[in-house]
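Trainee: Residue 1 is where the sequence shown starts when you use UniProt numbering, and the numbers rise one by one after that.
Treat the hints as calculated values from the structure; they're not laboratory data.
Distance ranges between label pairs, derived from CB positions:
1) 200 with 85: 19 to 29 Å
2) 24 with 163: 14 to 24 Å
3) 3 with 189: 40 to 50 Å
4) 90 with 9: 19 to 29 Å
5) 57 with 24: 18 to 28 Å
6) 174 with 79: 38 to 48 Å
7) 9 with 178: 18 to 28 Å
Treat the numbers as computed from the prediction; the structure is a model and nothing was measured.
Glycine is no exception: its CB is placed at the ideal position from the N, C-alpha and C atoms.
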Amino acid sequence: MIDYLHPINPEIRKLKQISERLKNGEIFIFPTDTVYAIIADSHSKKGVEAIYSLRKLPKDKPLSLLCKDISMASHMIEYLPNPTYKLMKKITPGPFTFILKANKNLPKPSIANSKDRHIGIRIPGHNFLEELLKIHDSTLTSTSAFTNDEFLIDIDDLEAVYGSHVAAIIDGGIVKVEPSTILDCTEDKIKVIREGKGFSDLNLQSEE
1 MIDYLHPINP EIRKLKQISE RLKNGEIFIF PTDTVYAIIA DSHSKKGVEA
51 IYSLRKLPKD KPLSLLCKDI SMASHMIEYL PNPTYKLMKK ITPGPFTFIL
101 KANKNLPKPS IANSKDRHIG IRIPGHNFLE ELLKIHDSTL TSTSAFTNDE
151 FLIDIDDLEA VYGSHVAAII DGGIVKVEPS TILDCTEDKI KVIREGKGFS
201 DLNLQSEE
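Given the sequences, and given the hints that come with them, work out the whole structure.
Mentor: Written as structure tokens, this is what we have:
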């Protein structure tokens, strides 16, 4: 099912309903500041397992955690290097994934099969997700809407592939194929793992 939110002021009532359904284990597809993402409540075993099943992902493949801000992310991070903290303050919310060392506060359903204690943190800069994360007030587990080696960027394609498997697909129009820039921040020196959206705006030399 395709659903709609106001592009400037997404309806709080609808977002509250989505939040409750996420807590009950349902999964949704949302537009992000990069590509479309399949999301679940990070604490919902049912929801997280549904993402793995839907995307046919190996159980040890880590998924990203969506956070509303650095404060929320910091509760799950064992070590946040100062250069990373300063960079996060500068560029979030935005199209970046930060690989960080996790602590024991990580939602268990989202790391049950992880081989290490690293986690990918996203603080997305899309108003739909920003408002949802404020209401939900907890992390969301996510992965890109991807099939047959391609990102799905058109709402009709998303409906054809995933429509019967998710609670709803939130229409964000056609998005560009621009995955996030991935930064390894597990040490004091930040390393670029993948150059994606926003990379050209970074000046990592000055942050090291």
